Amino acid sequence: MQKNKRKLSQKEKEELIGILLNKYLIDKDGLQRALPELVQRLDIIFPRAREVENTPPPIRLTELELSTARTILEKVLNALDSGVVSKEQALIGLESWAVLVCGGSDFDYLYQQEEKLWQLIEKATGRDLRSRTKSYRKTFQDREAARPVKILRGLTFQLTQDMRLSGIILDAAELRKRQKALSFVGIAADSATDVAARHDDYLFEIYSHD
Amino acid sequence: MTRPIVSDTSAIYALVSTVDDFHQVASTTYTHLVDERVELFITSYILLEAYALIQRRLGFATLATFVSGMQESMNVVWIDSDMHQETWNAIASRDGRGLSFVDWSTIVVARRLDAEIFTFDSDFLREGIRVIP
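Chains A and B, in that order, are what the protein sequence lines are.
Going left to right, the first sequence walks through residues 1 to 210 as our numbering numbers them.
Going left to right, the second sequence walks through residues 1001 to 1133 as our numbering numbers them.
Source of the hints: derived by calculation from the structure; they are not laboratory data.
Please note that a few of the clues may not be correct.
Claimed, not checked - Derived coverage of chain B by chain A (criterion: at least 3 residues anywhere in the stretch with Cβ under 8 Å from a Cβ of chain A; other residues may be distant):
hint : segment
1    : 1008-1017
2    : 1027-1035
3    : 1043-1053
4    : 1056-1064
5    : 1067-1075
On a predicted model such as this, the values are computed, not experimentally measured, just so you know.
Ideal placement from N, C-alpha and C gives every residue a C-beta, glycine not left out.
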């Protein structure tokens, strides 16, 4: 067979690498069987991000601390509904929010209140961070950051040793990815409420009408 | 360490339709997965089912929004002939009882990825498959 001596363009190289990485991602075993040396190298070059992420050790919070945070947050959110939240109250609410994230047991509640999280941040910083295209960092004077708390993808709070809010960090690119990933959640309303559970029956109905 | 997740049709539909019985728990689960940057997968067979359901029941605009968002968060596993055959072997060994062919293909992919399945179909549990939520 005649050797093709044509040099690969940068785009062609990137496409080939993309195909290999995709195979590595979805069928590592298959690639391992065909090209074990390659998989070995890729394991070294691309360790999974979560395996190398430096996360601080979890905080152990008492039930009293968590219930206090819940009570404070609830009061601040109620005040927010009434439109009477000061910057200081907003900061206290955000601190309580971060404490509950650290506690790890209130995700359902916090996700349902997400709109209010952004409103509190706007009260605290004077900015609507959701629509920002550039990353943003706000630090609060006289407070030394001791612990980052990931509030959601793209949004991190810095807390002091005694759990006071010392900073807000927005990674705009990560937040955009999050917003895109969630863009289809709850965008339509079916007339039936049991489609997920009985999707095979509904599919049969669709196909039998075709 | 969080395992990768493979979504099945029930989870996808529950996410999209706001009135679905499982919408609230599905959206909370999915949001948490996105925030934790858990690797999310969906198979080409599940896409086929989800596309049919969403387009017919919720309209093409909804489908287009789903496709655009899904591409940001999920890796598509295109079922190839090996996986298809493995799926057939699994369902044939049970004489077709229990889970559907598409469900079995999801299990095949989940096993290859050492993943859990994001589903509201309790039949997976009966097969001893790890599921969320």
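Hints, one by one, checked against the model:
no., hint, result
1, 1008-1017, "holds (count 8)"
2, 1027-1035, "holds (count 7)"
3, 1043-1053, "holds (count 3)"
4, 1056-1064, "holds (count 5)"
5, 1067-1075, "holds (count 6)"
Checked against the numbered hints listed earlier, the structure breaks none of them; every hint is satisfied.
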